[in-house]
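Enquirer: Each chain, letter by letter, is given below.
Protein chains: 2
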Amino acid sequence: MAKEITSRNENYSQWYNDIVVKAGLADYSAVRGSMVIKPYGFAIWEKMRDQLDHMFKETGHQNAYFPLFIPKSFFSREAAHVEGFAKECAVVTHYRLKNDPNGKGIVVDEDAKLEEELVVRPTSETIIWNTYKSWIQSYRDLPILINQWANVVRWEMRTRLFLRTAEFLWQEGHTAHATKEEAVEEAERMINVYSTFAREWMAMPVIIGKKSESERFAGAVDTYSIEALMQDGKALQAGTSHFLGQNFAKAFDVKFLNRESQLEYVWATSWGVSTRLMGALVMTHSDDNGLVLPPKLAPTQVVFVPVYKSEEELAAVSEVVAKLRVELHSKGITTHYDDRDNYKPGFKFAEYELKGVPVRVAIGPRDIEKGTVEVARRDTLQKQFVSQNQLAETVVSLLDNIQANLYNRALEFRERNTTRVETYDEFKKVIAENGGFVLAHWDGTPETEALIKEDTKATIRCIPLDMPEEDGKCIVTGKPSKKRAIFALAY
Amino acid sequence: MAKEITSRNENYSQWYNDIVVKAGLADYSAVRGSMVIKPYGFAIWEKMRDQLDHMFKETGHQNAYFPLFIPKSFFSREAAHVEGFAKECAVVTHYRLKNDPNGKGIVVDEDAKLEEELVVRPTSETIIWNTYKSWIQSYRDLPILINQWANVVRWEMRTRLFLRTAEFLWQEGHTAHATKEEAVEEAERMINVYSTFAREWMAMPVIIGKKSESERFAGAVDTYSIEALMQDGKALQAGTSHFLGQNFAKAFDVKFLNRESQLEYVWATSWGVSTRLMGALVMTHSDDNGLVLPPKLAPTQVVFVPVYKSEEELAAVSEVVAKLRVELHSKGITTHYDDRDNYKPGFKFAEYELKGVPVRVAIGPRDIEKGTVEVARRDTLQKQFVSQNQLAETVVSLLDNIQANLYNRALEFRERNTTRVETYDEFKKVIAENGGFVLAHWDGTPETEALIKEDTKATIRCIPLDMPEEDGKCIVTGKPSKKRAIFALAY
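Going down the list, the protein sequences come from chains A and B. The numbers in the working numbering rise by one with no breaks, and the one at position 399 of the first sequence is 1097. The numbers in the working numbering rise by one with no breaks, and the one at position 301 of the second sequence is 999.
A portion of the hints provided could be inaccurate.
Stated by the list, open to error - Label pairs and their in silico Cβ distance ranges:
#: 1; chain 1: B; residue 1: Glu1110; chain 2: A; residue 2: Asn800; range: 56 to 66 Å
#: 2; chain 1: A; residue 1: Asp951; chain 2: B; residue 2: Arg856; range: 44 to 54 Å
#: 3; chain 1: A; residue 1: Leu1109; chain 2: B; residue 2: Thr757; range: 36 to 46 Å
#: 4; chain 1: B; residue 1: Glu1168; chain 2: A; residue 2: Glu814; range: 53 to 63 Å
Claimed, not checked - In silico negatives: residues of chain A with every beta carbon more than 12 Å from chain B:
#: 5; residue: Glu813
#: 6; residue: Lys948
#: 7; residue: Asp1098
It should be emphasised that the hints constitute simulated quantities derived from the structure, not laboratory data. We treat Cβ as the ideally placed atom computed from N, Cα and C, and that holds for glycine.
Starting from the given sequences, assemble the full structure and let the hints guide the process.
Expert: Dropping the structure here:
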C-alpha cells in the first residue's frame, strides 16, 4: 500500500496523526498551531454541521453573527471568565502595516496602534451579552435563542490536529431567559441534543453528566458535558452546555421587566461543539487500515471500482455501473465511480479503506457475465457477492447495519473499559494499567479532586446525570459520598 | 406605524440605514467598524450562501478551511498584493493577557510577544498558495478547485452596515490550473455563476465586465466584476473573479511537472462575494415602507395575520389558517402565522411590510363566512380577495410573478438610468445631475481615468464583456477608442 499507517499498538498518537493526514482530513499549516481542513475532512464536517444546524432549528434556535474582535474591557468584565481565558488570547494591537523606512520590508506601523486592544474571540459570551443589553427590555423579548457558527482562537502551546488547535471552528449557542428554570431546562435540552447527535450520527456512545466545580466553564454556574471513550482508554469531552445563571447579565447589566413589572437580571445559557468532534470520530471507529466512517457522515457512502484489462471490458463495466449508481441515488445514497486509468484496483481498494468509505463495490468482466458485483464493507472488511438487481436494497440495509454495528462496537468497548473501584489503590492500578472510565466515590471537594489529578493525572470527566444514588465512601478521604463520578485520563 | 423609515428622497443614506436596522437585518456593534448580523438578516444570508454553495459544487468545487492568521512574511511575498492590503490590516502581536501588577486591570502581557506578527486575513491568496505548494507536484494534481466560506478583516475607516465593514463574511474560491486557458475559463465561469445568481435569485440585473488596470485586485492579471445599479444612481460592485496568472505561483514557488515532464508555474484564479450582497439586495428593491425581498431569498414567503375580536373568532380563523399552511408547505412555500395577541392587525401589516415578506394573507370572520382570504403582495402593495381553495395555486404563481416583477423593475430602472455620452461636458452633466451608468469612450490610459475621477468622482466600473466594438474618440483626450467603458459614482 502506498500510504502506510502506523498501527495503534505501535504508537497510538502517530496512528491518529497518520489517519488525519493521509486520509486527507487536515494538515498542519505554516501558522503555528493552526490547521488546514482539507476538502475531504471539510465535507465530513459539513455533514455534521448541517445535521446539528437542523437540530438547533428544530429546537427553536436561529443563527446570527457577532464580531470576531472583543474589546479588552468587555472581555475583562466577568471575573471568572477572563481568569479562564486571559492566558490564551490572541491580541490585535495595530491596524496597519507599512514599508519600513530603513528598507527592512513590511513592518507594523506604530502610528496605527489601537487605543484599546482587541481580543480575537476565544468564545463570545462577552460581546454577545453586551449586544443583548440593547435587545432586551421586557419579558416579551425573551427567550432569545441564538446560535452562531464561527471560528475561535485559543492560543494553545501543544496542539494536535482537530483535538487542540489555536484556531478551530465551532458553534456557540447563547440563550437568554426570563427564569432560572427555563435556562436550566435549555442547558439540559442542548446537552441532550448533542448526545442524540453523537449517538445517532457519529455512532459514538457518550455519557451525559455535570462537571465538577474545577472543570466548569469559566463563568458558568453549572457545566454539562458529553464524554466519550477513545480506543486508547482516554476520555474525550465532546460537547458542553452551560447554565450561566445571571453572571453575564450582571457583568453587562442586562435586566428585563418581568410580568410583575419588576426589573430582574436575565438568565443565560451557552453551549458548543467544535471541529474537535472530527478527532473524536476518527478515534472512535478507525482501525489500522485507516479511517472508518459511519455511513450517515460519509461524504461518499459507496465507491465503485472497475476491474478490467481492455477498453472494451471497461466500457462494459462502466455501463453497468452507471445503471447501478442511478438506482442507489434514487434511494438517497451517495456514490463515486473511480475509473482512473493510472491506478490498479488493489491500490484503489487500499485508498478507499484509508478514506473510510463504508461500502466498496468491485465489478469486472466475470461479474458482468454472472450479473453480480463484489461488495465489501469497511467496518468488518467482509466481502460478499451480490446480484446486480439486488444491489440497491442490499446496500440500503448494509449501510444501516454498518451504522448500528459501529455504535454497538464502540459501546461494547466502553463497557469493557468501564471499571467500578472501591479503593484508591484499585483506582491507581486501573488508571495506570488499563485506563478507561473509572467509577469511584469522591467526597465532592476540589482538594481531593486535585490530589487525585496530581497522583494519577486522572480527572473527573463528569458526574453522570443518570448515576443512581448509593451510599459510599470517598476512595481518598473515606468521607461519605452519595454518587460516583467518572474519572479518566483525558484529551 | 411604530417604526418610521426615512424616505429615499429625504435622505437616501439614512433610508438605507433605517431599513437595515429596523427590519432587523443587522446592527452596529460596540466594536469599531464591526456589525452584528441579526437573525432575520442572517436567515437571508444563509439562503444566499446555500444557493451559491450549491452552484459552486455543481461546477466542481469543494469547500475547505484555511487559517485566519497569515504570517507577515507570507503576506509580503507578492508585491502588488501587499501594497494593496497593507494599509488596512488588523495585526496580532501578542498571545496573552495578564493582571496588571500595578492593579490597572487586565493588560497585554509583554512577555508574550510574537516573534513574527500575524495578519488577520483580509483575503487568503498568500496562505492558500503557501499550502498549495505542498499539494501540487504534477499535472495530475491539477486542477485544484477549492472554495472557503470565512470571515475576513479589512480595517475600514468609514463603515456602513453590510456595504463596508471592518469584518465581513464571504466566500473565496482559489483554484490552481495547468494552463493559462483553463484558468481564464475558470475566472469567466465563476463571474457568470455570480451573474446568474444575482439575476435569478436576487432579482438583480448586473453587467459583467473587466476592470481597468487601476481598479484590478491587488495581484491579479485581470479582474472580472459584476456591477449593479442602486436606486440612488450609484453603482455597486457585487462580485469579482480574478485571473491571477502565475503571480502567486511565482511568489510561493509553486511548480508542477507538465505532461511533457517540464517544470512550470501553476496558473491561478480567485473569486468572491460577500455579505455586501445584502446591501445590494436592500438597495435594489426596497421602498419607503421598508424592505422588499425577492421570494426566492425570503426566509418567510407568506405571513398569515388573523383579524378577530373574540377568542371564538380567533379559534375559527386559526383552524382555517392551519389547513391553508399545510397546503402551502406541500408546495414548498415557507409560512408564518402571527397570532400574537398584543398587537393589532394594522401594526402587524406594517411590520411585515417593513420586513419585506413577499405575500401577506389576512383572514377574519367575514372571510370565514365567504370562504375567502385577503392577499396582499409586498412589491406593488396590491390586494385581492382569493377563495381559500385557490390560495395555494394563487400564491405559487404570485411568488413567481413577484420574483419576475422585481427583476424587471430593476432592469427598467437601470435602462432608464444608463446614458451614452459623446463629450466630456455631457459626461459631467449626467454624472452630476442624474448619476447612473454612463457609457463613454476612453483612451485606455490610467492617466485619463484618474483625471475623470478627480474631476467628477466617477470611476470606471468595468468594460462590459458584451460591449460591441465601435470606432470612437476618448471623451477627454479625443484619442481613438474601440469600446465604451461604464462610468459611475460607486459604493
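Enquirer: Please go over all the hints and tell whether each is borne out by the structure.
Expert: We went through each hint and held it up to the structure:
no.	hint	result
1	B:Glu1110 with A:Asn800: 56 to 66 Å	59 Å, holds
2	A:Asp951 with B:Arg856: 44 to 54 Å	31 Å, violated
3	A:Leu1109 with B:Thr757: 36 to 46 Å	42 Å, holds
4	B:Glu1168 with A:Glu814: 53 to 63 Å	56 Å, holds
5	Glu813	9 Å, violated
6	Lys948	18 Å, holds
7	Asp1098	26 Å, holds
Consistency with the previously given hints fails for numbers 2, 5, ordered from lowest to highest.
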